[in-house]
Amino acid sequence: MKNFLVTETTFLTPDIFLLTLRAERERDCFIHIPGQYAAIGFQVNGRPTPMRCFSIVNAPNNTGIIQFAIKVSGSFTHTATYLQKGNKVKVQGPFGEFVVNKQFDRNVVMLAGGIGITPFMSMLRNAASTQSPIHFTLLYSCQNQAAIPFFDELIKLEQQNQNFSVQFYITNGSVAAASPAHLYEGRIDPLAIAAATPKHPNAYTYFICGPNGFMNSVQEILRSRGVYPDNIVSEAFTQGASGRAVINSQNIPKLIYKLTSAAIVLGIGFIMTLDLMRAVPKIMAAETTQASQVTEVQTTATPASTSISSTLTPTATPYVQNYTYQQPVTSVS
Amino acid sequence: MNKRYQVAGKALGSEVVLTLITENSDVADDTFKVLWEKITHFEAQFSRFQPTSELSLFNQKSGSWQKVSSEFLSILHCTQIFSQETTGLYNPFILPALQQAGYQGSWPHTSEVILSTDYTNRHIFPPNALKIENGEVYIPEGAALDLGGIGKGFLLDLLGTYLEGTIENYWLSLGGDILCKGTDINNAPWAINVQNAQGEILPFQIINTNKKSFGIATSGVTKRKGKHNNKAWHHIIDPKTGLPSETDVSIATVCAPSAVAADIHAKCLVIRGSSQAEKYLKQHAIQSALLQIKTNDPSQQIFAYGPDIVKKI
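Chains as they are written, first to last, in my numbering: chain A, 1 to 333; chain B, 1 to 313.
Some clues are possibly wrong.
Non-contacting residues of chain B with respect to chain A, defined by C-beta distances greater than 12 Å in every case (computed) [unchecked claim]:
| no. | residue |
| --- | --- |
| 1 | R4 |
| 2 | S14 |
| 3 | F58 |
| 4 | Q60 |
| 5 | T87 |
| 6 | D118 |
| 7 | R122 |
| 8 | T222 |
| 9 | D238 |
| 10 | L243 |
| 11 | D248 |
| 12 | A261 |
| 13 | E278 |
| 14 | D297 |
The list that follows gives simulated cross-link-like pairs (lysine-lysine, DSSO-like), each with its CA atoms no further than 27 Å apart [unchecked claim]:
| no. | chain 1 | residue 1 | chain 2 | residue 2 |
| --- | --- | --- | --- | --- |
| 15 | B | K211 | B | K61 |
| 16 | A | K90 | A | K258 |
| 17 | A | K102 | B | K212 |
| 18 | A | K90 | A | K2 |
| 19 | B | K33 | B | K282 |
| 20 | A | K199 | B | K38 |
| 21 | A | K102 | A | K156 |
| 22 | A | K2 | A | K85 |
| 23 | B | K294 | B | K311 |
| 24 | B | K211 | A | K102 |
| 25 | B | K294 | A | K199 |
| 26 | B | K211 | B | K240 |
| 27 | B | K3 | B | K211 |
| 28 | B | K131 | A | K199 |
| 29 | B | K33 | B | K212 |
| 30 | A | K102 | B | K282 |
| 31 | B | K282 | B | K294 |
| 32 | B | K212 | B | K311 |
| 33 | A | K156 | B | K3 |
| 34 | A | K199 | B | K3 |
| 35 | A | K88 | B | K131 |
| 36 | B | K3 | B | K33 |
| 37 | B | K240 | A | K199 |
| 38 | B | K131 | B | K61 |
| 39 | A | K102 | B | K294 |
| 40 | A | K199 | B | K312 |
No wet-lab data here; the hints were simulated from the structure.
Each residue gets a CB set at the ideal place from its N, CA and C atoms; glycine is no exception.
Looking at chain B on its own, in the form it has when it is part of the complex:
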């Protein structure tokens, strides 16, 4: 008989919850160990807060062609694809602007600055400044890559790939970004709750009856924010201005066939704002989305789009 197994812990600067449905406790046990190993390995490899991560070492040698690992290449190709798809709205070079705005140390210890990972004297470059040839990668001198906008989604898809063929029903959450597949033990589709800025559950759920895996990501200006030099900042940088985006969308939740697509499009929707949201959703064939909008009109505070957003009765 199928049972539900769940573990939780801290990684990637956020809470990680892994839930598997399987008949065998040994399988669950072994799978959790491997998933966790992959998560910690990914963090060690791509955290911008760790001076010895592959990403930090790469950023330190900007301006030269560098040989990188196949995992790094894979994620960089992914950044290129989404930069093109979002016509530059997703830009992996925003790190200097993020740090200049005030987001420096690993959240929530924002005062903790390690000099070797300080890029406040560098600049934003256009996405096409990233060059990949014959397994080597180049970014211009004065540029720095940040995989924060793509990392959790990318990692979730990797974990999903690992589970294929062994676990058919699961949901994995990396700090609120989720990858789901299949159903719960009662064969009901997974019903994902959505939080508002205050951490309360909204009267909407995301329910996807598709048997394939799908990703859900939420992004917004209500977390990872603060004050720096008496100016308020948040971590969603508009690449066009190089500043925290001025937007009326406080939180955007996106449901997409992959977690990485959901992750990127949620951030882009915040940057685009509510007036451009519907156009953006159609343009990128996003299946479902839920926007929480800053407005005094209560009837306009929630924008629900697509078949997977279900109002709780």
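So that you can see chain A by itself, here it is in the shape it has in the complex:
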């Protein structure tokens, strides 16, 4: 458990406020991965509150500062609005796998609903400050124009980062006539997603965060577009007494211990099974055909850089191994 102090609380919209915390000591600092969340708790009348989880909205830094954008929607969040500069806050984390994999995720489509924007803010701020080559497209659904937190900042981020574009969808109200071109009336529908993903649908990784209804509707659209489940990363976002939003601080070390143990046991079991599955057919094939002797071939049948190294196992596949390297040639197909 890390100790932080409140440095500021600011309202971004009528019901969303920004809570800024600073690590009390150097050893309390941590660096999160953009998209992760942390659990926070504080004392009310001398008694500790339960820990509640919120996405970290600032980019990772080593200054010991973390920020959360919190929607006021229950007693915990309502009480949190009374936090004042210097109040102590316990922080546990960071947690979560809702993070961009820099190696695999080249084109990221972010689908945010309401307060579900928070993990994306950390990702986008980090992308802008590190000049990330990853392409981000944000489709952000909000009830009305006044309820959009970070509106100006998102527009500015789009101007700063040529690899980022944003569109806002207003579901329950009209768009002011003098609004920027990024604002649309209505929900995020199949056409909006199709327009945002001009390559084939599986060329993108889709990150979804928002209320359950929003997530279900977007996931259905993606499924109907033929997007593979592996290309969809989602985070249920419910602030309140349900879902992952509440953590009993007493149980956190136990929980981590149990999960780690289970993961180690499962991991070892999985690797052993995998090894067995790969080894057994090869041993059997070697015994029955005596033809699967692995050979290493180095041929230089054609000059300069046309040799090919190979230790492929002979198989009954409909293709043949090329021992002389064939150069890539594009021709009329």
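Chain A is already provided as a structure; the job is to place chain B on it using the hints.
Positioned in the frame of chain A, the structure of chain B alone reads:
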């Protein structure tokens, strides 16, 4: 130490060559098997020459809403996107015109016609006749879809997606359409040769130093052609006329961030002809292209565009 592994075989009516750079022969072996499985599965699912393919069964029930597989949906969405992007120059409904022109059986056995896949009595429809709603697809009665113009590029991108995270350096060729990523074993960028109509290598190469994967496709009127009812035909149909396109571009090669984009734009460039080529390339932000043009002026026979086209010294 990294080694180069390569296999070749026949699929999709053309030669397939797969090349991987990896340290581990088991990884190469396993990867080749999976790639080949995906290729043969795709062919069985989307070949218009196989009467039992999902595409043929779908075409047979035109005029009704049909539930299709997620792979089929994905490729149909892709056809919609590129039809819009090329303002109808790419049209997935050209199959009847293709067959009426003479391209009926699986190439090169063009005389082999299977009645259940014969659509010569159907018509070309505009691309927006394809409707997709709630995972179901509709094409009008009398229409027939052909994925020939998009299939190889789409499949290459799918294979590339599968390789992400396991193999970082490779090139895959499906009948001359190529998807590349990374470098060769000597860390040099892949250098792709380009063939002319006679099968000779041109003195130009495509060299892309970008670390990301990229697609290269070549399309032209010099293959998959013939004579039907004493009229010459080739397989690049101009959707506006419904006939083999009358063009001075014999072969177009396009380099693009995805193989499917390269595939579509190469065909569209052939249809547009050399006079409209530069405008088309700029309009669609195509990074590089090489056109082989039918003209008596030797200085105008090759049009090289973009940074990836390098003249061999």
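Tested hints:
With a least CB separation of 5 Å from chain A, R4 (chain B) falls inside the 12 Å interface cut-off, contrary to its annotation. Chain A draws S14 (chain B) into its interface by the beta-carbon criterion, the shortest separation being 6 Å against a cut-off of 12 Å. Listed as a non-interface residue, F58 (chain B) keeps its Cβ farther than 12 Å from every Cβ of chain A; the least gap is roughly 15 Å. Once the 12 Å rule is applied to beta carbons, Q60 (chain B) is consistent with being away from chain A; the minimum gap is 22 Å.
T87 (chain B), annotated as away from the interface, keeps every beta carbon of chain A farther than 12 Å; the closest lies near 14 Å. Once the 12 Å rule is applied to beta carbons, D118 (chain B) is consistent with being away from chain A; the minimum gap is 24 Å. The Cβ of R122 (chain B) lies farther than 12 Å from every Cβ of chain A, with a closest approach of about 25 Å, so its non-interface assignment holds. For T222 (chain B), the condition that its CB be more than 12 Å from all CB atoms of chain A is violated, with the nearest at approximately 5 Å.
Annotated as non-interface, D238 (chain B) keeps its C-beta farther than 12 Å from every C-beta of chain A; the closest such distance is 17 Å. At the 12 Å boundary, the C-beta of L243 (chain B) stays outside the reach of chain A, the nearest C-beta of that chain being 19 Å off. Its beta-carbon lying about 16 Å from the closest one in chain A, D248 (chain B) satisfies the requirement of being farther than 12 Å from that chain. Taking the minimum C-beta to C-beta distance to chain A, about 7 Å, the non-interface status of A261 (chain B) is violated against the 12 Å cut.
The beta carbon of E278 (chain B) sits about 21 Å from the closest Cβ of chain A, which is more than 12 Å, so the claim that it is off the interface holds. Every Cβ of chain A is farther than 12 Å from the Cβ of D297 (chain B); the closest lies at roughly 22 Å, confirming the non-interface assignment. Restraint check for K211 (chain B) and K61 (chain B): not satisfied, since their Cα atoms lie roughly 44 Å apart, outside the 27 Å limit. For the suggested pair K90 (chain A) and K258 (chain A), the alpha carbons sit about 22 Å apart, so the restraint of at most 27 Å is met.
A C-alpha spacing of about 13 Å is found between K102 (chain A) and K212 (chain B), which places the hinted pair at or below 27 Å, so the restraint holds. With a C-alpha separation of about 6 Å, the suggested pairing of K90 (chain A) with K2 (chain A) holds against the 27 Å cut-off. Distance check on the hinted pair: K33 (chain B) and K282 (chain B) sit about 40 Å apart at the alpha-carbon level, beyond 27 Å; violated. In summary, the hint linking K199 (chain A) to K38 (chain B) is supported, as the alpha carbons are separated by about 20 Å, within the 27 Å threshold.
Distance restraint check for K102 (chain A) and K156 (chain A): the Cα-Cα separation of roughly 23 Å lies within the 27 Å cut-off, and the hinted pair is therefore satisfied. Proposed proximity of K2 (chain A) and K85 (chain A) is supported: the alpha carbons are some 17 Å apart, at most 27 Å. Only pairs whose Cα atoms come within 27 Å are accepted, and K294 (chain B) paired with K311 (chain B) is accepted, the gap being roughly 20 Å. For the proposed pair K211 (chain B) and K102 (chain A), the alpha carbon gap of about 14 Å is at most 27 Å, so the pair holds.
At most 27 Å may separate the alpha-carbon atoms for a hinted pair to count; K294 (chain B) and K199 (chain A) exceed this at roughly 32 Å. For the proposed pair K211 (chain B) and K240 (chain B), the alpha carbon gap of about 38 Å is over 27 Å, so the pair is violated. At most 27 Å may separate the alpha-carbon atoms for a hinted pair to count; K3 (chain B) and K211 (chain B) meet this at roughly 19 Å. Simply put, K131 (chain B) and K199 (chain A) have alpha-carbon atoms about 19 Å apart, close enough for the 27 Å limit, and the pair holds.
Between K33 (chain B) and K212 (chain B) the CA atoms are separated by roughly 24 Å; this keeps the pair inside 27 Å, and the hint holds. The straight-line distance between the Cα atoms of K102 (chain A) and K282 (chain B) is roughly 30 Å, outside the 27 Å bound, and the hint therefore fails. For the hint linking K282 (chain B) to K294 (chain B), the alpha-carbon distance of about 22 Å falls within 27 Å, and the restraint holds. Of the supplied pair hints, the one linking K212 (chain B) and K311 (chain B) holds, its CA atoms being roughly 22 Å apart against a limit of 27 Å.
Between K156 (chain A) and K3 (chain B) the alpha-carbon distance is near 47 Å, which puts this suggested pair outside the 27 Å criterion. This hinted pair does not check out: K199 (chain A) and K3 (chain B) have alpha carbons roughly 32 Å apart, beyond 27 Å. Of the supplied pair hints, the one linking K88 (chain A) and K131 (chain B) is violated, its CA atoms being roughly 58 Å apart against a limit of 27 Å. Distance restraint check for K3 (chain B) and K33 (chain B): the Cα-Cα separation of roughly 18 Å lies within the 27 Å cut-off, and the hinted pair is therefore satisfied.
Taking the CA atoms of K240 (chain B) and K199 (chain A), the gap is about 25 Å. The hint holds against a cut of 27 Å. For the given pair, K131 (chain B) sits about 14 Å from K61 (chain B) by alpha-carbon distance, which is consistent with the 27 Å threshold. Using a Cα cut-off of 27 Å, the hinted pair K102 (chain A) and K294 (chain B) is violated, with the two alpha carbons roughly 46 Å apart. Proposed proximity of K199 (chain A) and K312 (chain B) is contradicted: the alpha carbons are some 32 Å apart, above 27 Å.
Consistency with the previously given hints fails for numbers 1, 2, 8, 12, 15, 19, 25, 26, 30, 33, 34, 35, 39, 40, ordered from lowest to highest.
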